[in-house]
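Engineer: Chain residues, written in single-letter form:
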Amino acid sequence: MPKRKKKIIVIGGGLTGLSLAMKICERNAEVVIVSYQSLKRSHSVCAQGGINAAIDARNEGDSPENHFYDTIKGGDFLAHQPLVRDMCYQAPAIIHLLDRIGVAFNRTGEGHLEFRRFGGTLYSRTAFAGATTGQQLVYALDEQVRRFQHDGAVKTLEWHEYLGAVLDSQGICRGAVLQDLRTNTVFTLAGDAVVLATGGPGQVYVRSTNSTVNTGAAATMAYLQGARYGNGEFIQIHPTAIPGPDKLRLMSESARGEGGRLWVPRNAGDARPPKSIPDSGRNYFLEEKFPLFGNLVPRDVASREIHDIVYNQNLGIAGEPMVYLDLTHKSKDYLEDRLGGIIDIYKKFTGEDPKDVPMKIFPAVHYSMGGLWTDYETDGNGMIEHGSPRNQATSIPGLYAGGEADYQYHGANRLGANSLLSCIYTGLMMCRGIFTYIENQDKSVDDIPSTTFGDSRNHWESRLNEIKAMKGSENPYQLHRDLGDIMMGNVLIVRENKKLEKTIREIDDIKTRFKDVNCVDSTDWANPTPSFINQLYCMIELSRVITKGALMRDEFRGAHYKPEFDLKQPSKFDPHEYIDYLEKKNYGEVSEDAFPEGHLEYMKRFEANNDNWLKSTIAEYKNNKPEISYEPVDTSIVTPRPRKYD
Amino acid sequence: MNKKIVKLKIKRQDKPDAQTYWQEFTIPYKERLNVIACLQDIQRNPTTQSGESVNPVTWDCNCLEEVCGSCTMLINGKVRQACTALIDSLEQPVLLEPMSKFPVVRDLQVDRSRMFENLKKVKAWVEIDGTHDIGEGPIMSDKVRAQRYALSECMSCGCCLEACPQFSLTNNFMGAATFSQVRLFNLHPSGSMLKEERLDAVMGEGGITDCGNAQVCVEVCPKSIPLTESIADIGRQTTLQTLKNIFVK
Ligand SMILES: Cc1cc2nc3c(=O)[nH]c(=O)nc-3n(C[C@H](O)[C@H](O)[C@H](O)COP(=O)(O)OP(=O)(O)OC[C@H]3O[C@@H](n4cnc5c(N)ncnc54)[C@H](O)[C@@H]3O)c2cc1C
Ligand code: SF4
Ligand code: SF4
Ligand code: FES
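Going line by line, the protein sequences match chains B and X.
Counting in my numbering, the first sequence runs from 1 upward without gaps.
Counting in my numbering, the second sequence runs from 1001 upward without gaps.
It cannot be assumed that every hint is accurate.
[Said to hold, decoys possible] Simulated DEER-style distance windows between Cβ atoms: (1) X:Thr1209 / B:Glu461: 44 to 54 Å; (2) B:Ser280 / X:Thr1047: 50 to 60 Å; (3) B:Gly281 / X:Met1193: 53 to 63 Å; (4) B:Ser450 / X:Thr1047: 41 to 51 Å; (5) B:Ser444 / X:Asp1200: 36 to 46 Å; (6) X:Arg1032 / B:Pro278: 26 to 36 Å; (7) X:Pro1189 / B:Lys622: 15 to 25 Å; (8) B:Gly380 / X:Glu1031: 51 to 61 Å; (9) X:Glu1031 / B:Pro291: 31 to 41 Å; (10) X:Glu1031 / B:Tyr334: 29 to 39 Å; (11) X:His1132 / B:Tyr334: 44 to 54 Å; (12) X:Lys1030 / B:Lys347: 13 to 23 Å; (13) B:Ala608 / X:Pro1189: 51 to 61 Å.
[To be verified] Every beta carbon over 12 Å from chain B, so not counted as near; a handful from chain X, in silico: (14) Lys1011; (15) Ile1036; (16) Gly1077; (17) Ser1089; (18) Leu1095; (19) Glu1127; (20) Gln1215; (21) Val1216.
No lab work stands behind these hints, which were simulated from the structure alone.
Fair warning: this is a prediction, and the values are worked out from it, not measured in the lab.
Every residue, glycine too, gets a C-beta built ideally from N, C-alpha and C.
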């Protein structure tokens, strides 16, 4: 271990990168934060609704254990349980820390933190700052990092792009290759460890709720350099966004948490303005089908129901693919205070005020549960060994990942307001383990020959020069659109194998067309086009990971819905029957009449399906293709069982 | 107005020290277009109205919903965010120019790092003992929270500085956004422990006394931040601080 201070390179200035950087500074090591844009403008600012922690401020009987169960169930049991449990237990301390650094969280009459409801739970567990929670959290953490910047402990490289990892002859990550986005020069930075806090890949679909920089290129580049990528096919489609030509702007789940109701006119042809349709003429489809959770069923469930109402039942508003999200029964002051941020967005983009007229919304690509495969170590009691160098480590030694860029916290479907939590949790949690990793190294980065760095730089310099020299006939920005249309058409809410097979061929066509790209700008100052073409290359590779994973996974789990493999849960089924069944099975043959008709068969189907598919998907880049394998999920704390929300 | 096309006239500059020039573009009209969607259209077909192939226009953006502050520029002479500038409500040709009070990087991109440097000068943060678990934050009434929230929505977009007659490329006036942040942190129970240092910072050169109270800043703020109130309040706080400095020192 080197005598000097440890030096860690953090790529990304969203919530994950900022919280990690803050922790590293506090522990007296050096940190360099790299980001495309000013840290304060990172994608995390888009988050609206809130962040979860089971503080039980309303005396409803909530607990971290309940939070843990809801998260695991919401993710259809595909998340690693010890990690999720640890996160849920740390959540209250995380919220208190955020409160201490000045986040303007809404408060109760006595001046404590106020909480609201969100999807997939029956408790008020979501702390919030109006409807701009992400923005408020980014600002507060950015301020803490600025405080350390002021003290000289942190260096920020804004307007810099991470291109790839510097790997030594043993495949250990020793630093990062960066491009200055103004001078367009390529250089390397040596570090004891590199962390990818680079966010999600929504731009693979072009139109989504995500920001424009969310191409997922950094994580994809790690995959192309040999890192394993997990659960790529699990893409969350959020039920409520404003349809639009350039972006699908989110209307946060908090709208429903604060009482918003989804409905369509009962009769297909009903063209009356929404406010003049009486209750009897309205179909509150979620409340009718899910009396217990109502409008707050998890996102995968809500999006499927909207899809069904619109496309199978043809009940979309005026025949269009849209349904109402109605807040008009709430008082205007209340709405302004609690949801002002999203109300403004809706008004600015549609010209209508959601306080007066119901919003028209439709599902949109929102979040990637999948991401870089990362490791962890437990303490044997279902919690995490916080000093372990394995925590958040990718399969490339010395390269770590966290936040939306990793894969382990949300299983097959993320619950609302759990992402901000997993971002900050991973950011704070991984620090100690990275330090241990550095302390355990027998050869430090200082002993690595400079040629290793020189070679990496040369590789990337020539790669960008090759791109600049591309003078084919395909416009890269148009090619990106075409990729997005293909993904949007076939790898969304409902997935069918025939269409997925076709999609793989269509992505291959895009790959062929990519060779004929025209680099429409070959200047050498602040030129974004060569970078974009490189990112497009990564998006094409990632779309193959997503689609191949989806094609191969022949089941229905969380956000991955293949009607062909729906196990058809009987309508009166109670998930506890399954626990009962497992118990009875321990004592020998279970007889048919121990359960209502059809239930035993269903449970056997469920069990067999889990044997086959309750596994993480792992993609590895081999022979220029994603090679898919599966590995077990840690379900050591709660028994996986059928999900039910009605 | 011809509804089938959108005309744009864009001020361009290849490098910080290069000459500026104007180019005109025509793109097909679509419903609900905003300025960024038009610029993206130009990326897909970078050809001017007169048929000349050019480099695509460069600009900054990220969130596309007016929360990140990246895409600020002059649109028909008015400083605002491009993502919420809807073509249907703009006169054509739509004139696009970079902000004039910050150094141009390229085309519509400017360098606003001065704003973040100012935040450092006024210590716009809460000093904490550490990130370890030491329990709840301070009790705060929801009224104070609401007051702070209104200020903390500032996305450092720079509109208020662009419009301010006192703020220029060459002077060091801090501007309304910075004063407002001082108020934000002085309102926080633990943040207020640095109150005096913050006030000292805005009492120096480029500080609050340089403000001419023209109040154009508040009119252009997209987040409706009560900047005039903040300026008045910080004015009061610094006056008190001056008195205190006289008597205590
Ligand atoms: C509209 C919307 C609303 C949401 N609301 C909520 C909510 O209410 N609650 C909740 O829990 N979650 C919410 N989410 C999800 C949540 O916001 C994100 O998952 C989370 O913010 C991701 O944070 P991150 O730190 O992982 O990455 P990001 O915030 O995406 O940051 C990534 C950083 O990496 C940088 N970067 C990426 N690639 C490179 C590269 N190659 N080189 C240099 N820098 C790079 C970027 O510049 C950026 O700084 C919402 C998401 C959206 C889209
Ligand atoms: S009041 Fe006038 S001088 Fe003062 S900051 Fe605002 S615009 Fe500038
Ligand atoms: S105060 Fe308003 S105009 Fe000024 S930077 Fe902040 S958000 Fe922009
Ligand atoms: S792109 Fe974020 S404010 Fe316009």
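Engineer: Now tell me, hint by hint, if it's right for this structure.
Structural biologist: Hints versus structure:
no., hint, in the structure
1, X:Thr1209 / B:Glu461: 44 to 54 Å, "51 Å, holds"
2, B:Ser280 / X:Thr1047: 50 to 60 Å, "56 Å, holds"
3, B:Gly281 / X:Met1193: 53 to 63 Å, "59 Å, holds"
4, B:Ser450 / X:Thr1047: 41 to 51 Å, "46 Å, holds"
5, B:Ser444 / X:Asp1200: 36 to 46 Å, "44 Å, holds"
6, X:Arg1032 / B:Pro278: 26 to 36 Å, "31 Å, holds"
7, X:Pro1189 / B:Lys622: 15 to 25 Å, "57 Å, violated"
8, B:Gly380 / X:Glu1031: 51 to 61 Å, "60 Å, holds"
9, X:Glu1031 / B:Pro291: 31 to 41 Å, "39 Å, holds"
10, X:Glu1031 / B:Tyr334: 29 to 39 Å, "32 Å, holds"
11, X:His1132 / B:Tyr334: 44 to 54 Å, "37 Å, violated"
12, X:Lys1030 / B:Lys347: 13 to 23 Å, "21 Å, holds"
13, B:Ala608 / X:Pro1189: 51 to 61 Å, "58 Å, holds"
14, Lys1011, "16 Å, holds"
15, Ile1036, "6 Å, violated"
16, Gly1077, "20 Å, holds"
17, Ser1089, "9 Å, violated"
18, Leu1095, "21 Å, holds"
19, Glu1127, "7 Å, violated"
20, Gln1215, "23 Å, holds"
21, Val1216, "22 Å, holds"
Of the numbered hints given earlier, the model fails hints 7, 11, 15, 17, 19; all others are met.
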